[in-house]
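*Asks:* Residue strings, one per chain:
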Amino acid sequence: MSQALYQDRIVALAKSKTGAGTLAAPSAKAVRDNPLCGDRVTMEIRLDEHGRIAELAHKVRGCALCEASASALTARAVGHTTDEVAGLRREIDSVLSGESQGTGDFAAFAPVAQHRSRRDCVTLPFEALRAALGG
Amino acid sequence: MTSKTFDVGAIRRQFPILSRPINGKTLHYLDNGASAQTPQAVIDAVVAYETTSRANVLRGVHALAEAATELYESARADVGRFLGVTSPDEVIFTGGCTAAINLVAHSYGQRLKAGDEIVVSELEHHSNIVPWYQLAQRVGAKLVGLPVTQDGRIDVGALPKTVTPRTRVIALAHVSNVTGALLDVAPVVAAAKSVGAVVLLDGAQRAPHGPIDLPALGVDFYAFAGHKAYGPNGIGALWGRRALLDDMPPFMGGGSMIGRVSLEEITWAPPPRRFEAGTPPIGPAIGLGAACRWMMALDWSAVGTHEMGLTQRMMDGLAGIKGTRLIGPAGLQGRFPVISFTLEGVHPHDTAQILDSYGVAVRAGHHCAQPLMDRLDLPGTTRASIAPYNDASDVDALLEGVGEALRRFA
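Heads up: the protein sequence lines correspond to chains S and Z, in order. Using this note's numbering, you'd call the opening residue of the first sequence number 164 and step up by one each time. Using this note's numbering, you'd call the opening residue of the second sequence number 4 and step up by one each time.
Hints are not guaranteed to be accurate.
Computed footprint of chain S on chain Z, listed as stretches where at least three residues anywhere in the stretch have a Cβ under 8 angstroms from a Cβ of chain S [unchecked claim]:
no., segment
1, 362 to 373
2, 376 to 384
Below are the SDA-like pairs computed for lysine to any residue, each with C-alpha atoms no more than 20 angstroms apart in a straight line [unchecked claim]:
no., chain 1, residue 1, chain 2, residue 2
3, S, K222, Z, M376
4, Z, K145, Z, H109
5, S, K222, Z, D377
6, S, K222, Z, P382
7, Z, K28, S, H278
8, S, K178, Z, R410
Honestly, the hints are just simulated from the structure, not real lab data. For glycine and all other residues, C-beta sits at the position ideal for the given N, C-alpha and C.
Hey, can you work out the whole structure from these sequences and the hints?
*Replies:* See below:
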């Protein structure tokens, strides 16, 4: 049911727009599209001298799930390395496949496991971040 | 809504799927533009073939092969009658509307040379852009776009400056899959004739709304899909003017499409078989024939009144909800019952997901019409598309869900 999919936590994450915007001096930028629905995520990052994400900003042209995902990812990714971000991707994948409930805000996406056609909405910001990190 | 000649309840009872609940609610199927539902008559025709006449066509001499061939060719004649043409041999069964357009782009397209021009419009479905783009890439031709008006119509007023002596093909949607706008075909045909170009119409969104008079339209090719016109998946039809088909090379090679084969030389069968390589989708073709017969048995004057009455009800209802914007023609003139809209602050996918919880099936996104979305500066729309079996409760359920989507997200 959509009401379960759009629980308050998802709507709040989407409306929070955590990390929405652009960076003054990004070290890398990537754009990823979902060709099936036309959604687009632009991800900008600035890495520190240790290769950790010092700043992250995104622009989302997408649905509430995509916006919520970008917010949740921003909150979790800043301060982390490429390898640690890959771990976040593994965590969200396990949530979306129903294998785990996820931790923190990622748990809000558990109902998406029942909506196969919406999983890519959640992973698009992760794809854009991976591309920005050179993955 | 009931009239002397149109009883929506009687129509609905012919569609078994409409009694299936969705999320505990009545199904309100308004995604007909993507795939319409299929009536029992079509299901019965396919089952009858599979259970009493299943065999290959055009090859065997045994009783089942004869029966299958008779059903298959009768279906071709039914499609021809639906299109208003007298020669069934001008009707080619294809895998769908996309396959039909690709057939023309590959086969007729072999005539094109570097510097030739192909005209499409900004509102085309990708299936009527990509095959022409690919053709242009292959031969060095140029793809030219007819602009779209702000209310979502192909701007035929731009034909004089778009169509040139280098134009070889004009390929346009008969009805837009996003805005429902009906193409004014006469000036397109006139413009094409003035430079010796051919006109192909993508009839995917027009065919589900009743028989078509192709001779009156004067076009050269017409393509439509079975699954959007109450028929099975995996089948479509291409009509082509006989003189053109006769001169066109095959698209695909295989059995049935040959005259004679040796390792030194191969000759081609005449149309339509030249373009139906291999065993065709026999059951789906028979189903499409049944769908055409089903449509031809309806009183389309009454159906049209019903469909457009629901369109008006939906447009009025949406216009009355703050935050809603209708995309496309403002009135009912020159349009078909395809209604696109946006909700302020709500992404179309979220709208569609909320509507699903009300049992309402719609399409959301770019509708495979990205150039139109760019032209209208939209990420996408929510689209409701109406069929004869829809009723006022479908419209009202959509309006209720739209209100909830706005409350939830905006």
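*Asks:* Run every hint past the structure and note whether it holds.
*Replies:* Comparing the hints with the structure gives:
1. 362 to 373: With 4 residues closer than 8 angstroms to chain S, the segment 362 to 373 of chain Z meets the three-residue bar; holds.
2. 376 to 384: holds (count 3)
3. K222/S - M376/Z: 19 angstroms, holds
4. K145/Z - H109/Z: Cα-Cα ~15 angstroms, so holds.
5. K222/S - D377/Z: 18 angstroms, holds
6. K222/S - P382/Z: 13 angstroms, holds
7. K28/Z - H278/S: 18 angstroms, holds
8. K178/S - R410/Z: Between K178/S and R410/Z the Cα gap is close to 14 angstroms, so the pair holds against 20 angstroms.
Against the hints set out earlier in the document, no violation occurs for any number.
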